[in-house]
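Asker: This is what each chain is made of:
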Amino acid sequence: MIELKNINKYYSTGNHELHVLKDVNLQIGAGELVSIMGSSGSGKSTLLNILGILDAYDSGEYILDNTLIKNLSEQKAAKYRNEFIGFIFQSFHLLSYKNAMENVALPLYYRGVGRKERNKIALEYLEKVGLLDWAEHMPNQLSGGQQQRVSIARALISKPKLILADEPTGALDSETSGNVMELFREVNKLGITVIIVTHEQDIAAMTDRKITLRDGQIVESLVDV
Amino acid sequence: MFDLDKWQEIFSTISKNKLRTFLTGFSVAWGIFMLILLLGAGEGLQHGTENQFKGDAMNAVWIMPGKTSLPYNGYKIDRTIKLENRDFEDLQKNISGIENLSARKYLNGITEINYGKKSGSFGVLGCRPEEQEAEKLVIEGGRFINQLDQTEARKVACLGRDMKLELFGEEDPIGKYININGIPFKVIGHYMDEGGDRDVRRTWIPLSTHQKVFGNPNSIDRMGLTTGDASIEEAQVIVDQIRDRLSQRLDFDPEDEKAMNIRNRAEFYQKFVDLFFGIKIFIWFIGCGTILAGIVGVSNIMMIVVKERTKEIGIRKALGASSGSIVGLIMQESIFITTIAGYIGLTLGVGLLEWSGSMIQGNTYFSNPEVNIKVAVGATLLLIVSGSLAGLIPAVRAANIQPVEALREE
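Taken in sequence, the protein lines are chains A and B. Be aware that the first sequence starts at 1, since it is given in the working numbering, and climbs by one per residue. Be aware that the second sequence starts at 1001, since it is given in the working numbering, and climbs by one per residue.
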């Protein structure tokens, strides 16, 4: 499903160059539930962004579903993001002026699905995350946990093969975090690969495989049996 | 462009970002509105002034005697110069290029004129038949004074429209008698003169009658002439000839403007034309400044809008939007807003001009404010295009950076 070969990534801050990812090699199979651990600055978010085609890498190879993801045109990158990947962010990144249903439906807009059709599908997904009654609410009328569930519905609506979550529970209390993680496990059971970036041990403990990054290198890759 | 779904997306963005929409629209609408008012006011002023000239023939020259201000031929200053019938006949005979020469005489002070029980104060002027041409009088009933009236010094009168309405109302005045200072005059006609209020609140009577009945036989207060197709330079030659001839006949210094005031209307008009050319350039200068300010305003707002939406752009890209679709969305939205706003500004501006034009009708210094619609539409298009271009550059830049950078933007 995912294959990273000798991925290197540099950030230049002024005249100073930062080596964020150092020769990262990684394989993740279809249907895995993986967490990427690491302290802040370890490069875990950068790795996730490269996996999500939100950022470019400087050398190496990234193969997603047998497709080499390198120097993609804007059009192609947009197409892959839309078809393969669902994103979940720490700060949710919902559009503030759209209600829950419209936010969930947005990926289908970019797939050319008509308004009525996509809103109908969006309602189905909101029902799956238990928020059907909140469909007409604006994001600022929802709690953090509810917003995260809306963004999970949004990530799922395009039926992606891969869900990438960047600190999905970072802004939530522990009980809500547990619920959200439960949701991820259910999603995973449908056969979707889920990769979660977190710095919390107990969140990582709920995944099947823990990958630990330190200073841009993978130091540990444990599989829970 | 005609993708219904895209329009729905734009409408939902617009309706949920009212302040942003209002600010963008307002700067466009205001710029256009001000430009139209400015151009319209300039036009109105010009039309008003042109109306002032409408009442008289454009090629008219007026000759008015006064008092000498320069010593001449042994005479002291402050000598009163007077025109008489023989001066009129002399000019008519000896100056070539005069299309029409007229002479008139005033009655000093306010004159009570009555018809039956109705009365009022009006001007009484003596003239020759040529006056109709010089004053551009439009006869609305009966006739003007003719040569026979002049030769026989008949007691006849031709009334201005307001005077006729005040004394006669809807009644036909022709053949009726009015009393001027107690002397009956037969009304032979009535006329309209577009020169203003004063010109329609008076009556013309034959010059000879005026001289005979109200004293001062042979005396003329003022002469007027038209110069036909003569250019301004040619008219000036005629004026110079008249001045020389009168100066010889009446013994005053030809340089003495006060002894004989000869006003060349064409020259005067040319001054106004020059003045208005200057005013027009000035108005255009300010107008261009207004448009420029509008462009800067729209550009500023568009740049802020794109900056504000950078994060949204990042989110949309993460969800699978291509940069083309994002740039298209922002451009289409901004063109839509500026077009609507420009149209509103255009309509309001033109509406206000029309309304004020109808409100101030009758004001002789300002009338018919209007604006060249091509200019107005052109300015609106300019604002739309420049506003969109100003948005295009940051939009393209924001759409082309890595999504992760756009998402970091707060």
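Hints in this document: simulated from the structure, not taken from any laboratory. Every residue gets a Cβ at the ideal spot worked out from N, C-alpha and C, and that includes glycine. One or more of the hints may lead you astray.
Stated by the list, open to error - Calculated cross-link-like contacts (lysine-lysine; reagent style DSSO-like; alpha-carbon spacing at most 27 Å):
| # | chain 1 | residue 1 | chain 2 | residue 2 |
| --- | --- | --- | --- | --- |
| 1 | B | Lys1307 | B | Lys1016 |
| 2 | B | Lys1212 | B | Lys1006 |
| 3 | A | Lys70 | A | Lys98 |
| 4 | A | Lys98 | B | Lys1155 |
| 5 | A | Lys76 | B | Lys1374 |
| 6 | B | Lys1067 | B | Lys1307 |
| 7 | B | Lys1117 | B | Lys1176 |
| 8 | B | Lys1307 | B | Lys1093 |
| 9 | A | Lys159 | B | Lys1006 |
| 10 | A | Lys79 | B | Lys1212 |
| 11 | B | Lys1311 | B | Lys1016 |
| 12 | A | Lys116 | A | Lys5 |
| 13 | B | Lys1311 | A | Lys98 |
| 14 | B | Lys1311 | A | Lys159 |
| 15 | A | Lys22 | A | Lys98 |
| 16 | B | Lys1018 | B | Lys1212 |
| 17 | A | Lys79 | B | Lys1006 |
| 18 | B | Lys1311 | A | Lys70 |
| 19 | B | Lys1006 | A | Lys120 |
| 20 | B | Lys1018 | A | Lys79 |
| 21 | A | Lys116 | B | Lys1076 |
| 22 | B | Lys1018 | A | Lys116 |
| 23 | A | Lys98 | B | Lys1258 |
| 24 | B | Lys1280 | B | Lys1082 |
| 25 | B | Lys1176 | A | Lys116 |
| 26 | B | Lys1186 | B | Lys1117 |
| 27 | B | Lys1258 | B | Lys1006 |
| 28 | B | Lys1006 | B | Lys1118 |
| 29 | B | Lys1016 | A | Lys98 |
| 30 | A | Lys70 | A | Lys159 |
| 31 | A | Lys128 | A | Lys98 |
| 32 | A | Lys189 | A | Lys98 |
| 33 | B | Lys1311 | A | Lys76 |
| 34 | B | Lys1118 | A | Lys76 |
| 35 | B | Lys1258 | A | Lys161 |
| 36 | A | Lys98 | B | Lys1307 |
| 37 | A | Lys120 | B | Lys1016 |
Said to hold, decoys possible - Partner residues aside, some chain A positions facing chain B, computed with beta carbon under 10 Å:
| # | residue |
| --- | --- |
| 38 | Gly41 |
| 39 | Asp58 |
| 40 | Ser59 |
Asker: Please flag the earlier hints that this structure goes against, numbers listed from lowest up.
Answerer: When the structure is compared with the hints, numbers 2, 3, 4, 5, 6, 8, 10, 12, 15, 16, 20, 21, 23, 24, 25, 27, 28, 32, 34, 35, 38, 39 and 40 turn out to be violated.
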